[in-house]
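Novice: One-letter residues, chain by chain:
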Amino acid sequence: MIENSSVHRDSRPLLEVRDLGVVYKLGRRRPPLQAVDGVSLSVAPRETVGIVGESGSGKSTIGRAILGLAPIDRGTISLAGDDITHAGYGQRRKISADLQVIFQDPYSSLNPTRTIGQTLSESLIAQGHRSRSEIEARVATMLHRVGMSEDAASKYPNRFSGGQRQRIAIARALMTQPRLVICDEPTSALDLSVQAQILNLMRELQDEFQLSYLFIAHDLAVVRHLSHRIIVVYKGQVMEQGASNTVYSFPAHPYTRALLSAVPVPDPVEQGSWRELRLSDASEARAPSGENACPFASRCPHAVAICRTSRPALEETPEGSSVACHRWRDLRTPATTAVRNNGISQVPQSSPSNSIGA
Amino acid sequence: MSAITTATEAIESPNALRRLFRRPLALACIGYLLLVILVAILAPVIWPGVDHEQAGDLIRARQGSTPDHWFGTDALGRDVLQRLLVGTRVTMVGVVEGMVVVLALGVPLGVIAGYFGGLPDRILTWISDLTFSIPGLIVILVVLSIFKASLLAAMITFGLLVSPHLIRLVRSATLPVSRELYIEAARVSGLSRFYILRHHVLPRIAGPIIVQASFLAAAILLVQSGLAYLNLIIEAPAPSWGGMIAEGLENISSQPWLIWPPGIAIGLTMLAFLLLSDQIRDVGVETWQGPRRRIRRKDITQVQAAALRVEGGRSDSGDDGSPAEVALLSMEGVRVSVSSPGGELTIIEGVTLDVRVGETVGLVGESGSGKTMTAMAILGLLTGGAQITSGEIRFAGRNLVGLSEQQLRRIRGSEIGLISQEPMVGFNPVFRIGTQLEDTLRLHQGMTRRQARVAAIDLLRRVRLPDPAAVARRYPHELSGGMAQRVAIARALSGNPTLLIADEPTTALDVTVQAEILELLRELAHDERMAILLVSHDWGVIADVCDRAVVMYAGQVVERAGIIPIFREPMHPYTAALLSSNPHHAIPGDVLPTIPGTVPKPGAWPVGCHFQARCRLSTTECGEAKIPMLQPTDERETRCLHFRVLAQESELVEVTRS
Amino acid sequence: MTSLDVNVALQQPQVRRGSRIGGLLRDPIAQVITRRILFAIPLLFVVSALSFVLMRLIPGDPARQILGPSGSPEAYAALREQLGLDLPLYQQYWDWLQNAVQGNLGTSIFRGESVVDILNQRLPVTFSLLFLSLLVTLIVGVTLGVLSAVRGGATGRGIDVLSQLGFILPSFWVAAVLVSIFAVQLRLLPAVGYVPIDDSVADWLRSLVLPVAAIALASVAAVARQTREAMLDVLGSEHIRMARANGIPPHRILLRYALKPAGTRVMTMLGLEAVSLLGGTVFIESVFAMPGLGSIAVSATYQQDVPLVVGVTVYFTILVVIVNLIVDLMYTWLDPRVRTA
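Chains as they are written, first to last, in my numbering: chain V, 1 to 358; chain D, 1001 to 1658; chain P, 2001 to 2341.
The set of hints was computed from the structure by calculation and includes no laboratory data. If you're wondering where the values come from, they're calculated on a predicted model, not measured in any experiment. Backbone N, C-alpha and C fix where the C-beta goes; we use that ideal spot for every residue, glycine too. This list has only true hints and no planted wrong ones.
Derived CB-CB ranges, DEER-like: (1) D/A1149 <-> P/V2201: 34 to 44 Å; (2) P/F2131 <-> D/S1339: 43 to 53 Å; (3) D/A1055 <-> P/L2050: 36 to 46 Å; (4) P/F2127 <-> D/G1031: 39 to 49 Å; (5) D/A1149 <-> V/P32: 53 to 63 Å; (6) D/G1402 <-> V/S154: 49 to 59 Å; (7) P/G2103 <-> D/G1031: 54 to 64 Å; (8) P/L2050 <-> D/K1148: 16 to 26 Å; (9) D/Q1445 <-> V/G147: 49 to 59 Å; (10) D/G1031 <-> P/I2326: 40 to 50 Å.
Here chain V stands alone, though its shape is the one from the complex:
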């Protein structure tokens, strides 16, 4: 298990997001889309914070807003104490030394008309590095570090597989030795066996380069594997957040529970028992609720009148997580807590086959 003590929780957070709101204008005919609605989060040095949610939850938009790629409507974002909410080109260039990104699609994230070397040296050029030999040396080092051969630098992206491209994308992100890397679904386009390689690589690099990750993904197993803390978002709002183990083992929010129980477990017996739970949790969708309501109210099996009239604030649970639900106390029955606690350590394959490929 990842110990929280390995993270400097007491030190000043590296990234601090306060009450972030992102609004996309969708043209004259349609109302604007509130993609992110009052999200606050922080990432400590060397910490991995996972953001999970379904499509349209706004999880990627949070990352994009931090990177300056989404229209920020309200709130503040600060990196290492500096306000970067509305950073211009100059400031972006400066902070890009500390803040980098790994995207989901390894095919779109590398320019097909530029060699790997050109792509990798770009961020150094932006930082003002001019010495060709220095840049080349750094490119070679990073390629080597992510498990690619150095002659990849002179090749074009079309020569590489999805997994290799993602390694290159990681190398690009680490060229400037950043402190925080936003990872937007970095493995969801990859096959299972390749995904494992990339996840391992990311963990190694975190230790080696003292990185913080903001890890955005829809796959709960992947997020859990890497993250110290987890934030569950739904319709642009935080539903629940807390230490990774706490959120998985004692999900307090009905949405977190629905999400966890919907993921099919790769074990037929365990999945069988899960299914029972999933069925009992199933419900008819209720009448849509007004603006000032819990975003999950229309789908929630436990919603009551107050859920449709007032938006719940985040409250601390005894387990140490925070949950935005009016009814979380009522729902703390033994049957519904301790949800995913068991399934993990009992699985047969976990230890002996570790040796495969080693």
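Starting from the known structure of chain V, arrange chains D and P on it as the hints suggest.
Specialist: This is chains D and P only, laid out in the frame that chain V set:
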């Protein structure tokens, strides 16, 4: 599927120009155009008098080809060839003038509209739309009525009127590029707009710009010669290609050949521009767009060929009356190949699998394993020139291999249904959901329109859609992903099939929606005894709904077993390694077990076990000969010589656990 | 089990529809017509204003041209006042616009007749040419395009070559060749002239065969090319694969499932081709000496008869607007996404 062939044709160098010069046709076009430019420069210098020559040798007027006058002489006795060559200049000058305006406006404005979007984009789009609705030639006439006989004024005007075409093209080429993730990565690095446009955007859109530019050059040439033909831009005796056609037309009854030299000159030049743009486009496509699917005519012709074929194929249905409790679907040694430049390439090697009535069988594998191809082979819907080259696919007592397209068609939809990964795009965008369901209902069940309408709504109810009548009135784009998959299942059920092939049916869906779709599939299997072949890469999905699983790796079935044994006791190292690399069961933060190396591509498969290079158990034996399917127990099969080692290991786990 | 997913999607269209203004505008057809008319107003304004400004750029002015060099200064001043040339430019345009709105596009300098009268007389010729050419383009172009998409081999290649020829050969040259063969050599069809439809439908058709053939070749080629590309795209798409997987017969796939989605792109092309066909009438009417709008535009250009040229511009623009309206309506019929989005 076709990605396999394109991937093997690895692209050597993205230097498009070099590869363009390697194409003879492109070279010929470039050579011809250079020659025309040379003539345009030199001819008026060599024959300076031609521009002012009112009349030539009147005695030799109206002659055909002679040694002195290769192309003959016109009504005024002037040499046709000389006039043609000298007339090249004014033609080319017009093209250059027009192109300068088009490029100077089109490229920057198009890039601005595409990259920055917003207000400039809206204004430019509006202006473009406006310009498309202006009859350009008439506007040139207005201009020429003021600037009499001014080629420059005419060409600038035309350039202005045509540039929106280029603006629009550049815009639409820039737009997707500007949303590419590498542009965003560059922005994150704080690179300037100018750097990004120069290094990232322009190289990507250069190809389409050149293609469109040579297309527009041809259009300008056409208008230039048209105006010359109308005698609007050139003062009288000076020759031009268009003007010579007008002269020819005046003498069409006495000298009908006069229209040919200028006509052919215009035609050839136009052709050079056209072919060159085609060549550039082809080079562009193969440069960095890489494994992009190009539809081959062969695929399409299958549709038509089938329509024309009245009878065909051997009908070997019911030749051996197999008993009913035998598998509903039984694939036996099915091999699929594509013909490639290096001979026939096997992409599926001897797949054997069974699906019984009411049973759900999972076909699992990573990308490139051939699982989808296997499923499509059952329906005879292979693309990219792939063909079943041997083996049998027995379905309800018939061998589907070798059936004619027409016979297969009667099975598709009515006996075997298909749902796919992308339900939304699986529906025709221009017909209502109800209409599309009614179509298949009437086809498979011979219903009348009215019966089908009722039955369609029943089907939608059967897949648990609320308010089915409302859904039937929808168009596909008005459905959410989960609804679309339900509707797709409804359509697959319209022919009352006994087997449903589900190709990654939930991959594009959110987990909560996935859970509902899987529930629906389970109900179909359980309540209606539907046999399902579920193709998936997700072990969780397989564990959730399948009774048995078939694991594929590099074109082969490597393991077949019941659902519990395959998870508890995998008997192929690939299955075992894949299962353990799933972070689901790993201890958070631990190093995940991985499989070294990559999946070998078709054509690069080793002699023996396809997995040997990545396998921790492999020995020399594994590479010596083809590995047969071994049967450790009655219900299990594996294509591994060392399955016992694996079995011992999992027993060990059992022991340590208890 | 139902989910929000389902519910939200069910509600969306109503929400969207409710936000629209006005009961009439709810009808997609009415929307298309309104949009086109709203678009035509700035279009006509821009075209006429441009033409008007250009018109006043003429070295010398219309009064001088009408009077010629011999006119006395008094007569010149009087004519200027009569033509309104002494007023400021915006005032002149405003007067012209007021007249234009009332259907008065001024007087031809050279002919001395009302521009509207001259052009109305000639409108049927150009309209016949345009209408028949569009019809031929649509029918022949789409047929050839579909055939070329479906048939490989010789048929496909033949159509490809034909469509390339159509692109590279200027219409007036094709016209010359057609005249040389069918009128001069074979004497099957008239070489020049136009017979009004009121006189004889058969002769009207005969007089239009060669002009239409010459002018439509390029647009047939363009539409055939576009149809082929669109059909190939659609035939390669997922919904066609699913239609095949559902056992839909090939001819039905081709003519119902593929042609309609491909039709939207064909329609867009047809709209653009209509504009260039209209331009093409300028050449073709000259070749065949047809008394239409195009030929008078050319002679008015020679004569620098600016009011007449501007008048033709206005007429042509209105024709384009009408054609685009028709194209838009067909587009709306073909693609439901335009209707609801």
